[in-house]
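J.: Chain by chain, the residues:
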Amino acid sequence: MKNRLRVLRAEHNLSQADLAAKLGVSRQTINAIETEKYEPSLTLAFKVANLFEQPIEQIFTPNGDKPGTNT
Amino acid sequence: MRTVAGPNRGSRSLLWAAILFVLTLFVSMAVGEMPQLPATVRVPIALVPAVIFAYFIYQQRRQLDTGDELEQRIQLEALSIAYPLTFLLLVILGQLERVITLNPEDWDYSHIWPFVYIFYIVGLMIARKRYQ
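As given, the protein sequences belong to chains A and D, one line each in that order.
Each residue of the first sequence is one higher than the one before, starting from -10 at the first, in the working numbering.
Each residue of the second sequence is one higher than the one before, starting from 106 at the first, in the working numbering.
Errors might be hidden in some of the hints.
[Unchecked claim] Heads up, simulated DSS-like pairs for lysine-lysine below, C-alpha to C-alpha not over 30 Å straight-line:
| id | chain 1 | residue 1 | chain 2 | residue 2 |
| --- | --- | --- | --- | --- |
| 1 | A | Lys11 | A | Lys36 |
| 2 | D | Lys234 | A | Lys26 |
| 3 | A | Lys11 | A | Lys(-9) |
| 4 | A | Lys36 | A | Lys26 |
| 5 | A | Lys11 | A | Lys26 |
| 6 | A | Lys11 | D | Lys234 |
| 7 | A | Lys(-9) | A | Lys36 |
| 8 | A | Lys26 | A | Lys(-9) |
| 9 | A | Lys36 | D | Lys234 |
| 10 | D | Lys234 | A | Lys(-9) |
[What the hints assert, rightly or not] Below, a sample of chain A positions facing chain D; criterion: calculated Cβ distance under 10 Å:
| id | residue |
| --- | --- |
| 11 | Lys(-9) |
| 12 | Asn(-8) |
| 13 | Ala9 |
| 14 | Gly13 |
| 15 | Val14 |
| 16 | Asn20 |
| 17 | Leu33 |
| 18 | Ala38 |
| 19 | Thr50 |
| 20 | Pro51 |
| 21 | Asn52 |
Don't read these hints as lab results, they were simulated from the structure.
Where a beta carbon is used, it is the ideal one built from N, C-alpha and C, also for glycine.
Whole structure, please, built from the sequences with the hints as guidance.
T.: Take a look at the structure:
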């Protein structure tokens, strides 16, 4: 699964540690999601979507689809 | 909001439980080699490390509950490596016992359980590396 987490984090001027604290996870988890080594649970994905105030499909997309292009 | 980064009180409890386990293990081993002591003394002392280890498992379980979803996944993957390796070791020893006599000085229960924990640590290292 592809994601735009790194881009969104940069846009909001947040460090990985900042984002981790806001989401209640470890910095390692944020890093693993950004590097696409780990796919977050739906619960965490929705937390991310709520935090950045974007639809979940604008942030996370299946492999092959360009993130943020889903309708 | 829950934060999970960095060492916490749970980690320290876990470390202290591990240290206490090793210390009581050495004491029980020393007492076990004192045949002049009655079994009513040696048996309870021999079981003290097991009680401490049960506490260690309890602390580890609590630590896992406070971890985030990635940490829980890492622990699960570590166990998914450690469990079959432990099973494999027991199968090998069981099969060997059918055809040869294993020296109990080398292969009694107390020699096997450290392998179980080593397998868990190996599994943990592999799982952590995967998500680094």
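J.: All hints are to be evaluated individually against the structure, with a verdict given for each.
T.: Evaluation of the provided hints:
The suggested pairing of Lys11 (chain A) with Lys36 (chain A) holds, with an alpha-carbon distance near 9 Å, which does not exceed 30 Å. With a C-alpha separation of about 11 Å, the suggested pair Lys234 (chain D) and Lys26 (chain A) falls inside the 30 Å cut-off, and the hint holds. As the CA atoms of Lys11 (chain A) and Lys(-9) (chain A) are separated by approximately 21 Å, the hinted pair is consistent with the 30 Å bound. Taken as a hint, the Lys36 (chain A) and Lys26 (chain A) pair is honoured in the structure, with Cα atoms around 19 Å apart against an allowance of 30 Å.
Restraint check for Lys11 (chain A) and Lys26 (chain A): satisfied, since their Cα atoms lie roughly 21 Å apart, inside the 30 Å limit. As the CA atoms of Lys11 (chain A) and Lys234 (chain D) are separated by approximately 25 Å, the hinted pair is consistent with the 30 Å bound. Between the alpha carbons of Lys(-9) (chain A) and Lys36 (chain A) the distance comes to roughly 17 Å, so the proposed pair stays at or under 30 Å and holds. The hinted pair formed by Lys26 (chain A) and Lys(-9) (chain A) meets the criterion: a straight-line CA distance of about 10 Å does not exceed 30 Å.
Proposed proximity of Lys36 (chain A) and Lys234 (chain D) is supported: the alpha carbons are some 26 Å apart, at most 30 Å. Of the supplied pair hints, the one linking Lys234 (chain D) and Lys(-9) (chain A) holds, its CA atoms being roughly 21 Å apart against a limit of 30 Å. Here the hint on Lys(-9) (chain A) is broken, as its CB sits about 17 Å from the closest CB of chain D, past 10 Å. A cut of 10 Å between beta carbons decides the hint on Asn(-8) (chain A): the least distance to chain D is about 14 Å, and the hint is violated.
Residue-level restraint check for Ala9 (chain A) holds (minimum Cβ-Cβ distance to chain D is 6 Å; threshold 10 Å). Using the Cβ-Cβ criterion of 10 Å, the hint placing Gly13 (chain A) at the interface with chain D is satisfied: the shortest such distance is roughly 4 Å. Because the smallest distance between the Cβ of Val14 (chain A) and any Cβ of chain D comes to about 4 Å, under 10 Å, the interface hint for this residue holds. At its closest, the beta carbon of Asn20 (chain A) sits 8 Å from a beta carbon of chain D; the interface hint therefore holds under the 10 Å criterion.
Residue-level restraint check for Leu33 (chain A) holds (minimum Cβ-Cβ distance to chain D is 6 Å; threshold 10 Å). For the restraint placing Ala38 (chain A) at the interface with chain D, the shortest Cβ-Cβ distance is roughly 16 Å, beyond the 10 Å limit, so the hint is violated. The closest approach between the C-beta of Thr50 (chain A) and any C-beta of chain D is roughly 20 Å, which is over the 10 Å cut-off, so the hint fails. With a least beta-carbon distance of about 20 Å to chain D, the hint placing Pro51 (chain A) at the interface is violated under the 10 Å criterion.
Against a cut-off of 10 Å between C-beta atoms, the interface hint on Asn52 (chain A) is violated, since the closest Cβ of chain D lies about 18 Å away.
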